[in-house]
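Chemist: Once you've looked at the hints, dock chains B, C, D, E and F against the given chain A.
So the protein lines, in turn, are chains A, B, C, D, E and F. Counting with this note's numbering, you get residues 1 to 244 for the letters of the first sequence. Counting with this note's numbering, you get residues 1 to 244 for the letters of the second sequence. Counting with this note's numbering, you get residues 1 to 244 for the letters of the third sequence. Counting with this note's numbering, you get residues 1 to 244 for the letters of the fourth sequence. Counting with this note's numbering, you get residues 1 to 244 for the letters of the fifth sequence. Counting with this note's numbering, you get residues 1 to 244 for the letters of the sixth sequence.
To be clear, the hints were calculated from the coordinates, so they are not data collected in a lab. Be a bit skeptical, because a hint or two may be false.
No copy is singled out in the list; a pair is fine if it fits within one copy or between any two copies.
Below, in silico cross-link-like pairs of lysine to any residue (SDA-like), each with a Cα-Cα straight-line distance of 25 Å or less [to be verified]:
#, residue 1, residue 2
1, K232, A124
2, K226, K240
3, K166, P221
4, K189, S93
5, K166, G85
6 protein chains.
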Amino acid sequence: MKDCFPTPPNNTSSGTNINTMKGASPLLVPFLLLALASSLVSAFDPSPLQDFCVAINEPKDGVFVNGKFCKDPKLVNANDFFKSGLNVPGDVSNHVGSNVTAVSVNELPGLNTLGVALVRIDYAPYGGLNPPHTHPHRTEILVVIEGTLYVGFVTSNADGNRLFAKTLNPGDVFVFPIGMIHFQLNIGKTPAVAFAGLSSQNFGVITIVDTIFGSDPLINPDVPTKAFQLDKNIVEDLQKKFSD
Amino acid sequence: MKDCFPTPPNNTSSGTNINTMKGASPLLVPFLLLALASSLVSAFDPSPLQDFCVAINEPKDGVFVNGKFCKDPKLVNANDFFKSGLNVPGDVSNHVGSNVTAVSVNELPGLNTLGVALVRIDYAPYGGLNPPHTHPHRTEILVVIEGTLYVGFVTSNADGNRLFAKTLNPGDVFVFPIGMIHFQLNIGKTPAVAFAGLSSQNFGVITIVDTIFGSDPLINPDVPTKAFQLDKNIVEDLQKKFSD
Amino acid sequence: MKDCFPTPPNNTSSGTNINTMKGASPLLVPFLLLALASSLVSAFDPSPLQDFCVAINEPKDGVFVNGKFCKDPKLVNANDFFKSGLNVPGDVSNHVGSNVTAVSVNELPGLNTLGVALVRIDYAPYGGLNPPHTHPHRTEILVVIEGTLYVGFVTSNADGNRLFAKTLNPGDVFVFPIGMIHFQLNIGKTPAVAFAGLSSQNFGVITIVDTIFGSDPLINPDVPTKAFQLDKNIVEDLQKKFSD
Amino acid sequence: MKDCFPTPPNNTSSGTNINTMKGASPLLVPFLLLALASSLVSAFDPSPLQDFCVAINEPKDGVFVNGKFCKDPKLVNANDFFKSGLNVPGDVSNHVGSNVTAVSVNELPGLNTLGVALVRIDYAPYGGLNPPHTHPHRTEILVVIEGTLYVGFVTSNADGNRLFAKTLNPGDVFVFPIGMIHFQLNIGKTPAVAFAGLSSQNFGVITIVDTIFGSDPLINPDVPTKAFQLDKNIVEDLQKKFSD
Amino acid sequence: MKDCFPTPPNNTSSGTNINTMKGASPLLVPFLLLALASSLVSAFDPSPLQDFCVAINEPKDGVFVNGKFCKDPKLVNANDFFKSGLNVPGDVSNHVGSNVTAVSVNELPGLNTLGVALVRIDYAPYGGLNPPHTHPHRTEILVVIEGTLYVGFVTSNADGNRLFAKTLNPGDVFVFPIGMIHFQLNIGKTPAVAFAGLSSQNFGVITIVDTIFGSDPLINPDVPTKAFQLDKNIVEDLQKKFSD
Amino acid sequence: MKDCFPTPPNNTSSGTNINTMKGASPLLVPFLLLALASSLVSAFDPSPLQDFCVAINEPKDGVFVNGKFCKDPKLVNANDFFKSGLNVPGDVSNHVGSNVTAVSVNELPGLNTLGVALVRIDYAPYGGLNPPHTHPHRTEILVVIEGTLYVGFVTSNADGNRLFAKTLNPGDVFVFPIGMIHFQLNIGKTPAVAFAGLSSQNFGVITIVDTIFGSDPLINPDVPTKAFQLDKNIVEDLQKKFSD
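The shape of chain A in the complex, shown without the other chains:
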C-alpha cells in the first residue's frame, strides 16, 4: 500500500493549496490560488428527477442555472461517474502545510444533483494545519488514514461557542456539523492523511482569515479593528499579508 499512498517529501515552504484535479471547471481554479486548504463539503441539494444528471460546462451564451446544466443522457458513459488520482498526495509546501484534493461535481460531473462528494486532505508533519473555515451548507465526516490530528469545531453563539475537540489516530472518524467553524492540525511527527465524505455535490469553503483580512477589495479596516479590538496597525499588517 506504500506505493498507492506514498509519503510526500518533507517540505516546509508556505502557501496552502486546493487541488482541483484539472477537472471539469477550470474556471474555478484561479479563485483557489493559495490560502485555503479546506474540507469542501455541501449538503441538502435538490433531489434528482431522473436516474442521473451529469453536469456540463456552462453554455457559451452566459446563461446559468442554480446548480448545473446536464449532459444529454444518451451520451453519458461510465467515465462520467469516474475520477482517478486520490492516491496521489497533495502538495503541502505552503504556509499552512496542508492540501485538499477534492472530488466534487467540478471534478466528477456525475455527482450533479446527488448531494455527496469526497476529499483527500494531506497535512505536513509538525503542524500542518487546515485552518479555521466553514461550509455554508454541508456536513463533513472525516476518517484518518495516517498520522495524528487534533481536530475540532465551535458551536454557534446560542450554544455558547463551545469547542468540541479530539485527537484522532488512524481509523478514527469525526463529524463537523453543517455550518460550524472547524479545523484540523497535524500534531504528529509524520505526514497525515484523511478522507472526508461531504453532504453536498459542491464546494463552498469560507476560510475565516482570508475572508476577514484578505477579501477583494478589502473590508474597511474600521470593521475588523473594532470587531477584533486590535491595534489598527496590526489589522493593516494582516490585510497586507492576506491580500497579496
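Modeler: Frame of chain A, contents of chains B, C, D, E and F only:
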C-alpha cells in the same frame, strides 16, 4: 412615529447585546451575553404538515427533537402568533455599539415549522458595529429605517473572497446570502435602526471573533497563531479578551 | 424620520395597487393592475448550490426553468443585492385603500434561490384593507410601524375554520402561517404602515374575491351561485364588478 | 369587539361532507361536519428516514410533533398499509351535493412520511358541486370514473387570475396545481365519480366560503363587506348561513 | 361502470407493456419496449416557484436541466393540464400479463414540478403479474377497481426483509412505501384493474429481473452467479432470455 | 500504514457481514446476519434546526419519530461526534466474501440530521462480492484504497437498463447514483479495501436476492417463478437457500 421609535440615549460604553425579549427560551440568554449582535436569520426549514405547530418548551424528561415539539392545537390561540416590543430600541451600550432584538421561534412560538423570522437591529452613532458573523443556514434581507450603514458580505474561497459592500440610507434594502460572512457599520452621526427578515424560524449566529478567540474551552493557540500568522502573544491577548 | 416615511395625502378614490417598483420584471405589472394589495410572501425554495444565483430575465428563445436563470457570477456586483425605495409610501387611492410595495426576486434579483423577501404595506386611514388572500407556499411575519391594524387568519376545514385575530399597534408582530387565508384592516384614524418578511423569494398572491368573481375568463356562474348560496343576480353583479 | 363579531343564530341547514372513513383520527371528525367537500391533497412532505414510519395517535401527555409519531416498527403489520371501502359511494345528500372519501394518513397510518394520499369524490346528478377551495401545500391529479364534470382552477394575481377549465368524461385526467383555488361541478344527468391522487399524506382543505363567511368566530363583517363590495346585509346573511 | 372500463379480450401471449400514451416524450418509448409493467411513481420533487411550470421537450441544442424546462406561461392553456384515455384497458398480451398506462410528466406536461402522477394498471386473469420492481424515490398508493390482487412489498435488510402482503378486492387501498421492492399478482379468474397515485411527477421504475439479467451490456455473469448461488448455465440462460 | 490496515487472513468460507461496530443500535444487528454486504448510504435528510441533534435511543414508552430523538444539548460532548475502528478490516469469511463496516447514525449518534455517513468495505481476494443491492434514497461515492474492483450500476427501465461499469484501482473514485442497483467485485488476487461517503445519515440497504428469495415470510413462489421465468423447483431451492 417618534414615540414608537425614540432615539436611544447616546451611550458609548461596551458590550453587545442580543435582546431575546424575555421569550420562550430563557435557556439561550446566558449564551448571548455580550459580544455578538447579529442579524439572526435562518432558512429552508421542514415544511409544516398541519396548519401550524406552535412550539412548546422541551418536556421535562430530557427528550428533544429536531426543531420543537408542538402545543396541543386545541389550546392554541391568537397570542401564540403575536409578540410585542419591536418599537423599543435595543440597548447599544456595549463594546461594539449594536443590539439585535430577535423575533424567532424562541420568542414567538407560532413561527415553528414556518421558515421565517424577523429582527430589529439598533446601532450606536459614530461606529456602532454588527461585527462579522455568519448564519449556518439562512439568508437575511435588511431594510434601513433610520441612519446610514456601511454593509457588506464576502463570498467563499471558490469565488475569490469578493467583498460586496454598499452604503445604505433609509428605505434601502440589502441581501446577505445564506452562509456568507457579513457585517453592518453605522457610519453616521445619529443612531441607526434596521429591520431584517430571515429565511428560517431559528437562530444560529456565529460571530467570528468569539468563535476563534473566545470559545469554551479555548482552541489550542497554535491553531489561530498559524492561521492568522500573528505573534503568539497577540493571540493569547485576544483569547483573554474574548473569553472572560 | 418623518422624511423617510411621510404620511400620504388623504385620498379616497378606489383601486388597490401593488407597487412592483419598476423592477426587473415589467411583465408582471399588467397583471397587478388593481384589486389585490397583498402581503406577497413565499417559502421553502430550493437551496442554493453556489454562493448566489442572481436572477436574469428569461432568455429570448422562450425557454424557462422552475425559478430563474442566473447571471454570469463574474458580472455580479453589489447593486444586484440592493434596492432602494421602501421609505416611499405606496399609493392607497384605490377601492380597498391599501398598497403593497414588494421587494421580491422580481425587484431584487440577488434574492434568487435564497428563500426570503420583504414588503412594505400602506393602509389608508378609516378602513384601508388588505383584503382576504392566500399565498400558496409561503409564511408572512408582519411588524407594524405606524397605526393600528385589525389582522387575522382562518385555519383550514380540518381545524374548524377557526379565526385567529388580533389588534396590532406599532412594534407588534404577527404571523400568518403558510397557505392560510388572512387580511389586515386599518381600524385607526391615521395612515398605517407595516413591513413583512416572507419565507420565499417569490410572489404568489391569490386574492379571494378576484379569483372567484374576477377570473379571466369568468367561472361558470353556477359555481359561485351554488357555493355561496347567493341569488344569481348578485353573483353576476359581482362578476361584472371584479372583471372589468 | 362583540359588535365586530356577532354570534350567528343556530342554523341547522344542510352541508357537504367529508367522509373520514371512521379512521385513525376521530378528532378531526367534528371539524368536518358539513360544508366542505374537497379534493384533499398535500405535497412535499419530509423524506422518510426509515423504511416506514406508521403513524400512531398522539400520546396522552399532550405532546405533538410536526407530522405524526410512529408506531414501534416491530409491531407493524400489513394492515397498517391497508384500507378498504373506496368502492362505497359517499353520501351526497347535502347542500352542495358532493362528498369526499379520503384515504390520508388519518385513515391509513402507513402513509405517514410518504407524501401521497388518495380520495374518492362523489357528485350528485344535475349540479353536485365540490365548491371552490384550496390546499395550502399539495397538488391534486384527478381521473373521472363515471359522469361528466366541469372542472377548473384560477391562477394567482401575478398571472392575471386566469381560469383554466375543461369538461371531463370517464378516463379523463386533470391536474390542479399546488395552492390554486379549484372546483368540480357535475354537469351531467347521472351521478359522477372521480379518484384523485394527492402529493401529501395530509389534509389541509380550505373551502373559500366557509373560511370567509363561516369562520369561528366570524370575521368582522367590515372585512368581507369592503372586500366583496357587497351590501352589509347580504354579508350578514351569508355569515348567518355559513356559521351555524 | 362496465361501459367505462370494458373487460379486455382474453389474450394469453407474452410481453409486458407500459403504455406511455403517445405523450410528450416519444424518446422514452423505445426503452419501455417490453418486460417491465410497473407502478411508475415518484416523490419529493422540488417545490414550484410559480403557479405552474408546464414541461416542454428538451431544446435542440442538447442542453438539459434537472427536471424539465418550462413552456412560456403566456402560451399555457387548459389542455396542458389534461390527458384523456385512462378508461381504455391496457394490452396485457405479454409474458407477464400486465400493463401500466402512465400519466406522468411525460404524458401530461402540466405535472412538471408538482410532485404527483397517476397510473392505471391492467392484469390478465389467472396470474397477470406486475413483477417485482422498485422506484428509486417515490411512494405508490393503489386502489383496486376490479378483480382480486395478491400484493406485497419487502422491507430492507435492516428490517429483516419482512414481507408485508395482502389480498385486495375492489375498493381496497394499499401503500408501497418509497424504495421498497413490491409486486401485484392477479389471483382471480377475471381481469383486474387498479389505479395508483404516485408521489412524484416522474418515472423511475427498476424491474429487478431486467436489471440483473437483462442490462445493456450484460453484467459479468460471475456477479449474479455468486450472488444468487445459481449454476452458471442457468444464469447465462436467464441473461439470454432477458436481453434479446 | 500496514499496521493500520492489515491484510485479512485468506478465508473462503461463506456468510457476508455488516459490521455495525457494536454501536448505538444493537437492535439492528440480528437483521444484518448474513447475506447482504452493502454500501449503506442515504441522502436528502431534513435540515437540522440547531447546531446539532445527537441521536438517542428510542425512549422506553414505544414512541418513535421520523429519524431520531435528540440528546439534551447541554450533555453533549466531543465523543458524540467520534467513532474509532475504521482501520480494522471486516471479516470476509462469508459466502459472498465481503464485509461492510458502517459509520452511520446508529454507530455515530452525532450524525443525526446531518445527511452524511461513511463506510469501509472489505473484499476477499479472488471474487469477494458486494452483491447487487439498492439504497432507497441515498447516493454512494466510493474510493478504492487497496486492490482492484469491477464495479457498476444499472439504470432504470426508462433509460434502457444500461450498465455503467468500470475497473477501479487504488485512488480511483466511482459514483453510484441514488436508487440504482449496483455491485462491486474483487477481481484481483489480493484483498481489496474501499471507503465510501453516503448522502444520508442512515442505512436502507436492499440486497436483491435476499429480498426476492429470502423474505420473511417467503413471497408466494408463483411471483418469482413467473417474473424470472424459472422452473418452480429452482425457485423453491433458492427460497430454501436464502431463508434459513
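Chemist: Does each hint fit the structure? Answer for all of them.
Modeler: Hint check:
no.	hint	in the structure
1	K232 to A124	between (33 Å within a copy, 21 Å between copies)
2	K226 to K240	both (18 Å within a copy, 16 Å between copies)
3	K166 to P221	between (35 Å within a copy, 15 Å between copies)
4	K189 to S93	within (16 Å within a copy, 37 Å between copies)
5	K166 to G85	between (29 Å within a copy, 15 Å between copies)
The earlier numbered hints are all upheld by this structure, with none contradicted.
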